[in-house]
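Peer 1: Given the structure of chain A, go ahead and fit chain B onto it with the hints provided.
Residue numbers (our numbering), protein chains in the order written: chain A, 1 to 253; chain B, 1001 to 1253.
Rather than coming from a laboratory, the hints here were simulated on the basis of the structure. Every clue listed holds true.
Simulated crosslink set (SDA-like; lysine to any residue; CA at most 20 angstroms straight-line):
no.: 1; chain 1: B; residue 1: K1152; chain 2: A; residue 2: P121
no.: 2; chain 1: A; residue 1: K152; chain 2: B; residue 2: V1237
no.: 3; chain 1: A; residue 1: K152; chain 2: B; residue 2: E1213
no.: 4; chain 1: A; residue 1: K23; chain 2: A; residue 2: E83
no.: 5; chain 1: B; residue 1: K1152; chain 2: A; residue 2: Q119
no.: 6; chain 1: A; residue 1: K152; chain 2: B; residue 2: P1121
Facing chain B, according to a computed beta carbon distance under 7 angstroms, are these residues of chain A, among others:
no.: 7; residue: M233
no.: 8; residue: V237
no.: 9; residue: L240
no.: 10; residue: N241
In this text, a Cβ means the ideal position worked out from N, Cα and C, and glycines have one as well.
There are 2 protein chains.
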Amino acid sequence: MQMIESTSNKKIKELAALQRSKKERTQAGLFVLEGDRIIRDAISTRRELVDNVYVSATYASEKGLPTENAVVVADSVLSHVCETVTDQGILATVREEPLLRNEEELESFDRVLILEDIQDPGNLGTIIRTAEAAGIEAVIMSNGTTDIFSPKVVRSTMGSILRVPFAYSGDMQRTIKNLKESGHTVYAAHLKGASDMRETPFEARRAIIIGNEGRGISDPVADLADVRVFIPMQGEVESLNAAIAAAILMYHQ
Amino acid sequence: MQMIESTSNKKIKELAALQRSKKERTQAGLFVLEGDRIIRDAISTRRELVDNVYVSATYASEKGLPTENAVVVADSVLSHVCETVTDQGILATVREEPLLRNEEELESFDRVLILEDIQDPGNLGTIIRTAEAAGIEAVIMSNGTTDIFSPKVVRSTMGSILRVPFAYSGDMQRTIKNLKESGHTVYAAHLKGASDMRETPFEARRAIIIGNEGRGISDPVADLADVRVFIPMQGEVESLNAAIAAAILMYHQ
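If we strip away everything but chain A, and leave its shape as in the complex, we get:
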């Protein structure tokens, strides 16, 4: 069995670059997936997206190769390019092909989530995971949103990154106008909203906008919403964490 034994191996250097840099990911059109369960799921359900699979020598001897052409890597060398603390001895490079190919497809979805400039990778990943659970059919992100293919986001989605249709939008105002034209009621989560979420049942065909962790939703975007809703808050809390606010609104009926 051939095995990569050096961190200066070309493939290992490529993996490290993909983990480190958005530019490298975009150029290669690839991102890195980690974890046994999620990679096996990817191989069985979205085989066409999986580029290469890398396993540690220990993984290979204990569990065998997950694909015929999986590459075996010395344990310490694979650990070197793993981002997770609990390294499971398996990595895959996966093509950056979102399920949502263009914004026109949004017309076919009733439940859309719009994210403006979410910065924290853990928040973005958690939002994508919660979106799938809450039945959101597509997620649109502003270009100022953190890179969804970065290791921390990918990990926090717990696999939802391969199942939730998403796209980045270069023109949020146009995106929202298009959604309104296709019959979506647009709700903006806003600290100064006029409508208490609890007194605002949501329309079935809808888009919910969640803004940046510090600044919230920008005025031009908030102005386009049909309804600005606030989540009632007791005590002296000034705002909720962005992923928490998104979850509460995505689960709101």
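Peer 2: Below, chain B alone, put in the same frame as chain A:
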């Protein structure tokens, strides 16, 4: 103006120890608070808990001393003991005195949150912050829950740690029995729950149990709940993040 200029100063060493170790915090009965706004709030609303305030030389010259006896520290020395990346030049040591002194006080609260073995500091802090906003009146944590006074938890609470009454319980089963005897309906968030949250309006006098990130609620504790509720999940999501599940249930009517 006297100023601490060395990281080997006794007070600076104590600060570093409090940041680093639960044992040191427990022995001293103190934890560290960071951030301008939150420390000024603590000084004005809970002065009796504030032990010492430390400010950087830059802070002192730009904003003055927040208390008469605040200690001035050279910028680089204070940075050395700051946990936050965006160091605001101010730290305070605060007494570890929770607002909830004993479990008997729980009788006077209608809305209680129970946490069993939450491990992630960010999750715990976010849960405390969300609890205040959702109108939770007291939080009870199992002894296996991560230390609420650790820097990451304190920071994630965004100040709620000084406002939400909480206590650790050494006997979760007794705690839950006591709550039931005092008329609380106990809801356990459970992946195998029998009741869909959406079809289960919560009683006004209630306690909600949230379990560990990986294992959920232990069987002996779940068995004591009056109702096991599940949050409906679409797609292939196996579970929600613990802070997200807690938020959805705390905001559930």
